[in-house]
Amino acid sequence: MNRAKIFYLLIHLVICLPTNGQSVAWIFFSDKEGVVFDPYSYFDTMAINRRKREGLSLSDPTDFPVRQDNIEKIAERCDSIKGVSRWFNAVAAYATPHQLEVISQMPFVTETQWMAEQPFLSRCDSSPALEEKEFQLLMAQTERMQYSLLKEKSLSGKGVRVAIFDAGFRGVPTDSVFRHVVANGQVIATHDFVKNKKFVFGYHSHGTEVLSCISGIYQGMAMGCASDAQLLLARTEQPFNESMVNEDNWIESLEWADKWGADIINSSLIYTRQLYFRKDMNGRNSLISRAAAMAYHKGILVVNSAGNDADSPWEIIGAPADADSVLTVGGIDPWTGYHSYFSSYGPTADRRMKPNLSAFGWAMVSNGNGIEMASGTSFAAPLVAGFAACIRQMHPEWPVRQLFEELQKSGDLYPYYDYAHGYGVPQAGYFLHKKNTDIAPTLTSFFNGETDCFEFEIADTVSMEEHAPQKEKSKSVKVDVSHQVFDLSKMRDLVYLHVAKADGVLKRYNVFEPGKKLAAYTDDPYCDDCVIRVFYKGFILEISGKNKKNN
Amino acid sequence: MGKIKKTISRILLLLVLILVSRNLSAQQVLLDKNVEKQDVRNSFMPERGPNMRHFWGRTFSYGFIIPLSYADSLQIKSNLASNSLGLGYRYKLKLSEFLSIGTDIQYLRSVWHIEQGSRGNLIQQGVRHHSQKLITNDIGAGVYVRVNFARRGNTLGKFFDAGTGAQYVFSNRLVTTDNVEASKNGGANKIKTAASGLDYVNPIQPYILARAGFGRFAIICRYRLSNLFSASENIYGGRTLPNLSDLTIGLELTTFKAERPEPEREE
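Heads up: the sequence lines are chains A and B, in that order. With the working numbering, the residue at position 426 of the first sequence is 426, and numbering never jumps. With the working numbering, the residue at position 168 of the second sequence is 719, and numbering never jumps.
Read the hints as simulated data drawn from the structure, not as lab findings. Using N, Cα and C, we set each Cβ at its ideal position, and we do this for glycine too. Just to be clear, a hint being listed does not mean it is correct.
Taking lysine to aspartate or glutamate pairs in the EDC-like style, the calculated list, with each CA pair at most 16 Å apart, reads [to be verified]:
no., chain 1, residue 1, chain 2, residue 2
1, A, Lys52, A, Glu397
2, A, Lys298, A, Asp44
3, A, Lys501, B, Glu587
4, B, Lys588, A, Asp60
5, B, Lys743, B, Glu732
6, A, Lys32, A, Glu72
7, B, Lys684, B, Glu666
8, B, Lys588, A, Glu315
9, A, Lys279, A, Glu315
10, A, Lys32, A, Asp79
11, A, Lys259, A, Asp60
12, A, Lys279, B, Glu587
Partial list, computed: chain A residues near chain B (C-beta under 10 Å) [claimed, not checked]:
no., residue
13, Glu111
14, Met115
15, Arg273
16, Gly346
17, Tyr414
18, Ala420
Construct the complete structure from the given sequences, taking the supplied hints into account.
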């Protein structure tokens, strides 16, 4: 064969590799004129009920179908259509840069945008552990949210629809952990958005593990709070072939879940450095975050994991966890009682508080072939999603905004917050008998004029007299309690301290282990308009500037 | 003896006291985050990085020299034993989100396993060896244009490179192995001969290349534009030897140190 021909063929092959089927773009349209939409034939009854509850119109133009003639015109000018979004009045299409240039000139096209690729699945590690340790964890992963109180009130997510977006639900039909789910017909609908078919019970077990943290029951013990919830299972990701996966699956799944009447969506997927810069994490720059916000405005509570990047250069939460209306869940370490080393930190790039809540970042999960210990905020999110399903069952009348806010208020740190734990782990007790408003003070403070420091003492213990370092304008925290032995299923008695600016944005936050030691906070001088809050055993001591004020 | 015991006891007691006192005075700070330093708006956006203005990275490549059949070529064995190993350093200048240019410097070690055909091999006409390989070591530089295909964060993403450059062959060696009778060769049944400083190897080897990249990995396709050999009075009747295969296809790995986005981090 001619050398030039061979070389030409090889070069052609190399060029085709990255271009063939990988350049996907969103194409947004200007209008939906002339389309016909009947909400009663499109939506499931539960979706209609949800809209009525939220006071939303059943004829919201964002739910109208995309004009077929527009889709056809685009199809003629691109390689193929990959997906359609009613909410964004857009199509996702495979196209070359030249084709997209031509398309962008079409009169009904308002905007084109190359699509971000490569999702970042939260990590899932299994770890061999002692049987007793596993058993304790299994008991505590739900009880840490006061599951027994939910059980007493027969709250198990009954009548609530939870959609789960993940990489596959391998083994769910045959796994004994989901026997009740199968027997009761709780799986209402499934869809594989990667292959565009209904079968989702293969490919990967990450979704199975996540599902077990919502609805699983292992030998009579609840792995998640919502064992009776109705389920919508969507396969949106292809973890072993990340280069072929796009955000559009996730967005299409949102619309699918909306159509099927989802009340809550759990997504344990995070898009970070592969697609974005940290400055993009403001809830507006990524389409996926905007789509999540839109789902919220249609009455769906979106629960998303914070991500596992705390120990990586990325460090902060990713998309769509950066959206203000997404309930972002961080992970705590069950055995230390505070932030798991991997759980991504907040705040967002525009300095909004994230994560919103926390749950165990380690959990006993079922992979479709038995249970194992796994780590990652992938499992913290479904634990909270299951909890939220129970609260939705209890309060079906609440609009999603109220549900979101009440869930935040149920956090065991609330109203204290920081960017590692949010408002802490949600507590069922808050919803069943509200919080104890008569919390006894556990802290006292005084301003030491000699050292120019605030000093804090825990009231029920004997303080060790030790001066804070003599740094001008610095403040100190003095805590002193006896050594604690704590129960995994209860909040550990730790001291939380943050320094907030007048607008609520934190400057700094700490967690201290109380003990027979001085814990002195001696860093940079606090500004006079800053507020120092110290949380200990449910009591929050708040000091504004140099004026003491106990609440 | 008793005195030594007493001294040891005192030292042990002292050590215990030191350890206890250290524990008493230690702070138990479990988590300490300075949000000001973590603020992404204040954070330093590095100038260097895989999707920043400038990028530097090390490259490691391994390619198979493809045994192409040309009428006028010297054959290499068809078992993909002929290979090319490269180590290099790469610079990329980002011009826009989708277009970059760059340059490479690299060291290449290539080995051609030459087929011993019915006519023997052409380098030593009519002679058939058990095996024969030509090894070249060269350094070179090249330039390339890069087109990226998808939106991305600070990663290399998916790209296609088209480039050109030239290698300078600074050393070469022709190694032949022959099976011989041990009785006639001092007990040796194999004789290996190495000839180096071959004056018929062309010292300048221009090439063009195409690279399709997926993050740190790339499929590389390099095509030599010149004949590997040049004319020498000492061989092949003063004519230029038939060429050896000029196409290499392989994999390339780019390594680099990830830049931290913050100027400083909390402990």
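Results of checking the hints against the structure:
Taking the CA atoms of A/Lys52 and A/Glu397, the gap is near 10 Å; set against the 16 Å cutoff, the hint holds. Taking the CA atoms of A/Lys298 and A/Asp44, the gap is near 14 Å; set against the 16 Å cutoff, the hint holds. Taken as a hint, the A/Lys501 and B/Glu587 pair is honoured in the structure, with Cα atoms around 11 Å apart against an allowance of 16 Å. Simply put, B/Lys588 and A/Asp60 have alpha-carbon atoms about 44 Å apart, too far for the 16 Å limit, and the pair is violated.
Straight-line distance between C-alpha atoms of B/Lys743 and B/Glu732 comes to about 14 Å, which keeps the hinted pair within the 16 Å bound. For the given pair, A/Lys32 sits about 14 Å from A/Glu72 by alpha-carbon distance, which is consistent with the 16 Å threshold. For a cut-off of 16 Å, the pair hint linking B/Lys684 to B/Glu666 stands: about 9 Å separates their Cα positions. Between B/Lys588 and A/Glu315, the direct Cα distance comes to roughly 12 Å. Compliance with the 16 Å bound is thereby established for this hinted pair.
For the suggested pair A/Lys279 and A/Glu315, the alpha carbons sit about 12 Å apart, so the restraint of at most 16 Å is met. Restraint check: the Cα-Cα separation between A/Lys32 and A/Asp79 comes to about 23 Å, which exceeds 16 Å; the hinted pair is violated. Distance check on the hinted pair: A/Lys259 and A/Asp60 sit about 13 Å apart at the alpha-carbon level, within 16 Å; holds. For the given pair, A/Lys279 sits about 15 Å from B/Glu587 by alpha-carbon distance, which is consistent with the 16 Å threshold.
For A/Glu111, the interface hint is violated, the least distance from its beta-carbon to any beta-carbon of chain B being 14 Å, above 10 Å. Checking A/Met115 against chain B by beta carbon gives a least distance of about 7 Å; that is within 10 Å, so the hint holds. Taken as an interface hint, A/Arg273 checks out: its beta carbon lies about 4 Å from the nearest beta carbon of chain B, inside 10 Å. The interface hint given for A/Gly346 is met, as the beta carbon of that residue sits about 9 Å from the closest beta carbon of chain B, less than 10 Å.
Checking A/Tyr414 against chain B by beta carbon gives a least distance of about 18 Å; that is not within 10 Å, so the hint is violated. A cut of 10 Å between beta carbons decides the hint on A/Ala420: the least distance to chain B is about 6 Å, and the hint holds.
The structure is inconsistent with the numbered hints 4, 10, 13, 17, although it conforms to all the rest.
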